[in-house]
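Asker: Sequence:
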Amino acid sequence: MRKYKTGLLIIAICSLVSGAGIFRAARADGQIDSARDLVNQGKYDEAIALLNTLPDTQEKKLALAFAYLGTEKYDEAEKIMLEIVKDNPASLPARYCLGMLYEKKKNSAEAIIQWEKVLLLTQKKELRELASKHLAQLKKDEKK
Numbered sequence: 001m002r003k004y005k006t007g008l009l010i011i012a013i014c015s016l017v018s019g020a021g022i023f024r025a026a027r028a029d030g031q032i033d034s035a036r037d038l039v040n041q042g043k044y045d046e047a048i049a050l051l052n053t054l055p056d057t058q059e060k061k062l063a064l065a066f067a068y069l070g071t072e073k074y075d076e077a078e079k080i081m082l083e084i085v086k087d088n089p090a091s092l093p094a095r096y097c098l099g100m101l102y103e104k105k106k107n108s109a110e111a112i113i114q115w116e117k118v119l120l121l122t123q124k125k126e127l128r129e130l131a132s133k134h135l136a137q138l139k140k141d142e143k144k
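Under our numbering, the first residue of the sequence shown is numbered 1, with each subsequent residue one higher.
Incorrect hints may appear among the rest.
Said to hold, decoys possible - DSBU-like, lysine-lysine: derived pairs with alpha carbons at most 35 Å apart:
| hint | residue 1 | residue 2 |
| --- | --- | --- |
| 1 | Lys143 | Lys104 |
| 2 | Lys61 | Lys105 |
| 3 | Lys104 | Lys73 |
| 4 | Lys125 | Lys106 |
| 5 | Lys86 | Lys104 |
| 6 | Lys104 | Lys61 |
| 7 | Lys105 | Lys125 |
| 8 | Lys43 | Lys125 |
| 9 | Lys105 | Lys133 |
| 10 | Lys133 | Lys144 |
| 11 | Lys104 | Lys144 |
| 12 | Lys43 | Lys73 |
| 13 | Lys61 | Lys133 |
| 14 | Lys125 | Lys140 |
| 15 | Lys61 | Lys125 |
| 16 | Lys79 | Lys143 |
| 17 | Lys79 | Lys140 |
| 18 | Lys86 | Lys139 |
As the list claims (entries may be wrong) - Label pairs and their computed distance ranges (CB to CB):
| hint | residue 1 | residue 2 | range |
| --- | --- | --- | --- |
| 19 | Leu120 | Lys140 | 20 to 28 Å |
| 20 | Gln137 | Gln41 | 28 to 36 Å |
| 21 | Ala109 | Gln41 | 28 to 36 Å |
| 22 | Asp37 | Val85 | 24 to 32 Å |
To be clear, the hints were calculated from the coordinates, so they are not data collected in a lab. Where a beta carbon is used, it is the ideal one built from N, C-alpha and C, also for glycine.
Please model the entire structure based on the sequences and the hints provided.
Answerer: Shown next, in the form of structure tokens:
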């Protein structure tokens, strides 16, 4: 049950970050939509298996990274998200999710870097406030 809730939280947060949804550019691709549905249902392994049959696109990589986050395979998710930001440094969904990922991995220094990039990339008030809260908490925790 916990993994299911974690997956929904990841999808909801990353959907908020990208505006129309993390998979908005892939709406025409029924297979990526199917994989997203599997992630939303907590069927991460099925989503991963489906996504691994598809050609590499940014949308596929994002979906795969979120599926790995749902299975708590943080190293795999990190590798994919780092590939995304290498190709597209302004990828707000990847930066946001990297911030969350590094917090889960207890890597405050990297989390701070990603949250600062989120602040630079977004104009949305709610995301700026959320990133600021994460930064404040991380910096407070570093002082302990």
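Asker: For every hint, state whether the structure bears it out.
Answerer: Comparing the hints with the structure gives:
1. Lys143 <-> Lys104: The given pair, whose Cα atoms are some 18 Å apart, holds under the 35 Å limit.
2. Lys61 <-> Lys105: The given pair, whose Cα atoms are some 20 Å apart, holds under the 35 Å limit.
3. Lys104 <-> Lys73: OK: Lys104 and Lys73 at ~11 Å, within 35 Å.
4. Lys125 <-> Lys106: holds (26 Å)
5. Lys86 <-> Lys104: Between Lys86 and Lys104 the Cα gap is close to 22 Å, so the pair holds against 35 Å.
6. Lys104 <-> Lys61: Between Lys104 and Lys61 the Cα gap is close to 20 Å, so the pair holds against 35 Å.
7. Lys105 <-> Lys125: holds (27 Å)
8. Lys43 <-> Lys125: Answer holds: Lys43 to Lys125 is near 33 Å, not above 35 Å.
9. Lys105 <-> Lys133: holds (18 Å)
10. Lys133 <-> Lys144: holds (17 Å)
11. Lys104 <-> Lys144: holds (18 Å)
12. Lys43 <-> Lys73: holds (14 Å)
13. Lys61 <-> Lys133: This hinted pair holds, its Cα atoms lying about 28 Å apart.
14. Lys125 <-> Lys140: holds (22 Å)
15. Lys61 <-> Lys125: holds (27 Å)
16. Lys79 <-> Lys143: holds (29 Å)
17. Lys79 <-> Lys140: It holds: about 28 Å lies between the C-alpha atoms, which stays within 35 Å.
18. Lys86 <-> Lys139: holds (26 Å)
19. Leu120 <-> Lys140: 20 to 28 Å: holds (21 Å)
20. Gln137 <-> Gln41: 28 to 36 Å: holds (31 Å)
21. Ala109 <-> Gln41: 28 to 36 Å: holds (35 Å)
22. Asp37 <-> Val85: 24 to 32 Å: holds (26 Å)
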